[in-house]
Amino acid sequence: MTPPGLHTRTPLSPLTGPDPDAADEAGILLVDDREDNLVALEAVLGALEVPLVRAMSGEEAMKALLRQEFAVILLDVLMPGMDGFETAGHIKRLDQTRDVPIIFLTGAESASEAGYTFRGYATGAADYITKPFDPWMLRSKVSVFLELHRKNRQLQQLLAGERDRLGEFARRLEALELRLEQGGDEPDVRDVAHRVGGLAEALDELRRELP
Amino acid sequence: MSGEVSGVPDVSADTGAGLHPVLCALRALRDGDFTARVALPPDAAPGFATELADTVNQLAARTEHLATELTRVRADVVRRGRVDERLTAGPGQGMWTESVHAVNTLLETLLGSQAEATRVLAAVADGDLSRRVDLHEDGRALRGELRRLGRTVNRMTDQLALFTGEVTRAALDEDGEGGGRGPGGRHGGPVAPHTTVSGLSGSWRDAAEAVNRMVTDLRETTRAKEWLESNLTRLASLMQGRRDIREIAGPIMRELPPLVGAQFGAFFLMEDRAEGHGTDGKDGTDGTERTGGAPGAGELSYVAGYGTAAYEPGAPPLGARDGHSLIAQVVAEKRRLLLTEAPPDYLPIGSGLGAARPACVVILPVLYEDTLLGVLELASFSTFSDIHLAFFDQFVHTMGVALHTIRANTELSEKAALLAASSQYKTQFLANMSHELRTPLNSLLVLARLLADNEGGRLSDEEVRFAETIHRSGTDLLSLINDVLDLAKIESGRMETRPGPLRLRKLLASLEDTFRPLAHDRGLRFSVSRADDAPDELHVDERRLQQILRNLLSNAMKFTSEGAVELRAEPASAPGDDGQHGQEDGQHGQERDGGDDGARNGAGQPKPLVAFRVTDTGVGIGAEQLPRIFEAFQQGDGSSHRTYGGTGLGLAISRELAALLGGSISVESTPGAGSAFTLYVPAAEQPRGPAALGTGRAPAAELPPQNVPFQLRPYGADDHEVQRPQPPQRAPHRAPEREYARTNAPAPSSSGPAAWQHGPAGAVLRDKRVLVVDDDIRNVYAMTHLLGRVGMSVRYAENGSEALAVLDGGAALDLVLMDIMMPGLDGYETIRALRADPRFAALPVIALTAQAMPGDGEQSLSAGASAYVPKPVAVDTLLATVHSLLDPHSSPRPR
Numbered sequence: 001m002t003p004p005g006l007h008t009r010t011p012l013s014p015l016t017g018p019d020p021d022a023a024d025e026a027g028i029l030l031v032d033d034r035e036d037n038l039v040a041l042e043a044v045l046g047a048l049e050v051p052l053v054r055a056m057s058g059e060e061a062m063k064a065l066l067r068q069e070f071a072v073i074l075l076d077v078l079m080p081g082m083d084g085f086e087t088a089g090h091i092k093r094l095d096q097t098r099d100v101p102i103i104f105l106t107g108a109e110s111a112s113e114a115g116y117t118f119r120g121y122a123t124g125a126a127d128y129i130t131k132p133f134d135p136w137m138l139r140s141k142v143s144v145f146l147e148l149h150r151k152n153r154q155l156q157q158l159l160a161g162e163r164d165r166l167g168e169f170a171r172r173l174e175a176l177e178l179r180l181e182q183g184g185d186e187p188d189v190r191d192v193a194h195r196v197g198g199l200a201e202a203l204d205e206l207r208r209e210l211p
Numbered sequence: 001m002s003g004e005v006s007g008v009p010d011v012s013a014d015t016g017a018g019l020h021p022v023l024c025a026l027r028a029l030r031d032g033d034f035t036a037r038v039a040l041p042p043d044a045a046p047g048f049a050t051e052l053a054d055t056v057n058q059l060a061a062r063t064e065h066l067a068t069e070l071t072r073v074r075a076d077v078v079r080r081g082r083v084d085e086r087l088t089a090g091p092g093q094g095m096w097t098e099s100v101h102a103v104n105t106l107l108e109t110l111l112g113s114q115a116e117a118t119r120v121l122a123a124v125a126d127g128d129l130s131r132r133v134d135l136h137e138d139g140r141a142l143r144g145e146l147r148r149l150g151r152t153v154n155r156m157t158d159q160l161a162l163f164t165g166e167v168t169r170a171a172l173d174e175d176g177e178g179g180g181r182g183p184g185g186r187h188g189g190p191v192a193p194h195t196t197v198s199g200l201s202g203s204w205r206d207a208a209e210a211v212n213r214m215v216t217d218l219r220e221t222t223r224a225k226e227w228l229e230s231n232l233t234r235l236a237s238l239m240q241g242r243r244d245i246r247e248i249a250g251p252i253m254r255e256l257p258p259l260v261g262a263q264f265g266a267f268f269l270m271e272d273r274a275e276g277h278g279t280d281g282k283d284g285t286d287g288t289e290r291t292g293g294a295p296g297a298g299e300l301s302y303v304a305g306y307g308t309a310a311y312e313p314g315a316p317p318l319g320a321r322d323g324h325s326l327i328a329q330v331v332a333e334k335r336r337l338l339l340t341e342a343p344p345d346y347l348p349i350g351s352g353l354g355a356a357r358p359a360c361v362v363i364l365p366v367l368y369e370d371t372l373l374g375v376l377e378l379a380s381f382s383t384f385s386d387i388h389l390a391f392f393d394q395f396v397h398t399m400g401v402a403l404h405t406i407r408a409n410t411e412l413s414e415k416a417a418l419l420a421a422s423s424q425y426k427t428q429f430l431a432n433m434s435h436e437l438r439t440p441l442n443s444l445l446v447l448a449r450l451l452a453d454n455e456g457g458r459l460s461d462e463e464v465r466f467a468e469t470i471h472r473s474g475t476d477l478l479s480l481i482n483d484v485l486d487l488a489k490i491e492s493g494r495m496e497t498r499p500g501p502l503r504l505r506k507l508l509a510s511l512e513d514t515f516r517p518l519a520h521d522r523g524l525r526f527s528v529s530r531a532d533d534a535p536d537e538l539h540v541d542e543r544r545l546q547q548i549l550r551n552l553l554s555n556a557m558k559f560t561s562e563g564a565v566e567l568r569a570e571p572a573s574a575p576g577d578d579g580q581h582g583q584e585d586g587q588h589g590q591e592r593d594g595g596d597d598g599a600r601n602g603a604g605q606p607k608p609l610v611a612f613r614v615t616d617t618g619v620g621i622g623a624e625q626l627p628r629i630f631e632a633f634q635q636g637d638g639s640s641h642r643t644y645g646g647t648g649l650g651l652a653i654s655r656e657l658a659a660l661l662g663g664s665i666s667v668e669s670t671p672g673a674g675s676a677f678t679l680y681v682p683a684a685e686q687p688r689g690p691a692a693l694g695t696g697r698a699p700a701a702e703l704p705p706q707n708v709p710f711q712l713r714p715y716g717a718d719d720h721e722v723q724r725p726q727p728p729q730r731a732p733h734r735a736p737e738r739e740y741a742r743t744n745a746p747a748p749s750s751s752g753p754a755a756w757q758h759g760p761a762g763a764v765l766r767d768k769r770v771l772v773v774d775d776d777i778r779n780v781y782a783m784t785h786l787l788g789r790v791g792m793s794v795r796y797a798e799n800g801s802e803a804l805a806v807l808d809g810g811a812a813l814d815l816v817l818m819d820i821m822m823p824g825l826d827g828y829e830t831i832r833a834l835r836a837d838p839r840f841a842a843l844p845v846i847a848l849t850a851q852a853m854p855g856d857g858e859q860s861l862s863a864g865a866s867a868y869v870p871k872p873v874a875v876d877t878l879l880a881t882v883h884s885l886l887d888p889h890s891s892p893r894p895r
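Protein chains in written order, with my numbering: chain A, 1 to 211; chain B, 1 to 895.
So here's chain A without its partners, still in its complex pose (with noise of 0.2 Å):
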């Protein structure tokens, strides 16, 4: 066993991207004690070519949860001082990182313990792999999440496109009220005209690009 004070060493991001969100991918939070372990993570899920983030405790997964956007985390249950599970109930229990996947990785000898994977789906896990795992089982799997995430950033993205247009509209809209009432009883019936149309075009532009 390696002293607990060996992983907490400083996190992997140097505090540059001011904002959580601002990276491009969301990557995957590889969470074990062991190096080789991680070394072996990184080999399979490398091929996937997102960005592969390591802690190697419990506590440096959290950290690493709050700066940084995750598609999923692969998170090693026997792991000294803050376990897997107890750190999957921190991400469990907290409104900024409830949503991130997590698939727990344990050796053979903890699955067999009868009640670790109940405890793991119990904990809200979306998937419970037993070591040595598959490599490709446990690639598809991670990308299916992946694409999951990417999937669900899209309809974020689209919606909020979808806000801007909106406020967009609404903003026009505003615009030609504001020139009804200011053109008293003679209104420029030409430009109001004008304005609907655009509008109406506006319209029928968002309404196509629904799905």
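One thing to keep in mind: the hints can contain errors.
Unchecked claim - Cut-off 30 Å, straight-line C-alpha distance, at most; resulting in silico cross-link-like pairs (DSS-like, lysine-lysine):
(1) B:K225 to B:K334
(2) A:K151 to A:K92
(3) B:K768 to A:K92
(4) B:K506 to B:K607
(5) A:K141 to B:K506
These aren't lab readings, by the way, just hints derived from the structure by calculation.
We have chain A; now place chain B onto it with these hints.
Chain B alone, transformed into the frame defined by chain A:
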């Protein structure tokens, strides 16, 4: 009677001659011959002569009758004791009759009194002491000898009655005490009266006194016996249920000496020299003093005593070291030693007022089956009585048994504990070792697999084979480690079963799914079936059952190169009852492991079993191999291991697991033709815990929420629920020089973040950006959760330097929460550094201080904090403080 007198002289001329026979007869009568008669010639003429002769003859006859009667009665009375014999009246009247009557009266008087006395005596003999001899005869008082006789008999009877009465009463007294002990005491009966035997005399008195003495003795003996038994019981009860000899010795040595009137008592325990520790690794003694003790295997050391304060616990008895003392003698002889004259140099018994040598010393060996366990020594100013000595002997025996029991128990429990500990160490060691061995294998296997798959196509074929070999060997090693751990767990009784409901169909389907691809790969036919009458609902530990069946199936696949493997489930009553599958030919080997008792469950009633039969057409097992296949590392021979792989532990584990499930495994095999392994398990398994509830590996415990060093509710819990008890709400600690008067936006009075989410207070907090600086990530999470719930967004910095970096980087922030206790740059320094930058001079900073350090608050304020909140943080205190610092209506704004 002699003949008749003849030739009577005549009276006349011939008269004289004629009277002669008469004279002769009279002479004979005179001389006592009452049979003499006058014989007359038959021709004699009647006359005076004949009349005279006739009269004489009558006289002779009467006399003869009287004499004969007297002789007869005498003979009857004297010889035959017939006291009712009387004279019969003879012929004649007058004095003849009177004489007979007188004699008869005399007889009556004499013999009648005799008979009366006899009757009384006979009654006495029969136990009736109420009869007395009547001293009157026909209304007249007896006199003389007869009266004396009667009175003597009567007096004798009186004395006897009195004596008997006394004895009976004395005896009744004694008995009565047993039944009803009055408050007057156990022996409070009137003892004195029955020792006074007035009315008795002579031997009667002696006898009565002897009886009295006997009664007294008896009473004393009884009392002594009672004393002995009750005290033995009492002292024995002191020794009952004790686990430590010292626990016994103390109370015993407090009780025993006063009980027997001793003023000194000491108990020395015999301890094995070889293992002098154990119960006796005592304080206050150094080992050097204890060398060369009494003869024997060990040495005596003082344990407890009475009036022996001078003795140190563990000290050897005085004089024991040179081996000359009497105690050494007792140790050698194992016999009680009684000294009535203590030697002059014997230990004096002292008190505050003086000291004197004891008069009597007794040294008692405490033995158990001739093994000396200890020595008890008692000394007294008075002498020990026989009862005391008897008591000693019995007590010492009892104590010997008690000491032995304690010793045996102690040894037993020590051994058991040692055994349990070593078994636990072994299992723990194996578990740890397995874990340590397995852990590096995990990454090795993953990486080897990646290499072997040659994803990038950069490895040569040979390199790929190397990687494959690494992967295969690693996999083998891993399964070996797993098997060893399983076996160790089972053997140490740590493997527990978790029986649950299981559908047979589902089990078989899952096994079929698992093994069908394998069978297909090996080109084997594979079938899984169940008998129609097989129970579909089982109650067993599914995981263990699967483990066994997988093992049997993978063995069958492994050892079968062509043909078929079959799994069939069918009901069975008890192992071996079925004859349908066995081909009972000569070369046919069969072996069954023991485990049947589990299936029968002791009650003799066979429980319903399910038989899972795995049949293959593989290499089979030779008869000589069969007995060993269930033993660890006994798979066929070495060559089969090399050929077929595997750890050789599978069957051993399967057998143990089968037994754990209450079942067994049997095997039939014909070399070259195939094998059939049958697993019998009860259709409904009784739940079974681990044989030893070891401490094992505790499952990684989730910290209870209380352990989070923070007084927030566990975040994520429903915030609308009632809060846990919190310390009385405090006004925010604020810097005095920065007076924030609370104005028109009062803090919600209720507790919890929910109250801060809405209304004017909520509006103040919403969308504010907070930097939380804390090295304890749990605290950060708790804080982040809380602040997030009231609509604030949180940035996180792990330490002071990171916080400064975040601020310097231009992050837009409304507030900083700063933990004071941080490694590296601590809270004070960070706040000072922050305030030194004019950009952050007005930035609200709340210091989180340790409550246990009251000075921290002031110190943080002087370092530049806007306010401080003590940890553990109370939700409302924190939010109120945050609110007051962020509320634009608070005035005046600092700086």
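Status of each hint after checking the structure:
1. B:K225 to B:K334: holds, 25 Å
2. A:K151 to A:K92: holds, 21 Å
3. B:K768 to A:K92: Holds, because 24 Å separates the two Cα atoms, which is no more than 30 Å.
4. B:K506 to B:K607: Answer holds: K506 (chain B) to K607 (chain B) is near 23 Å, not above 30 Å.
5. A:K141 to B:K506: The hint holds at about 27 Å.
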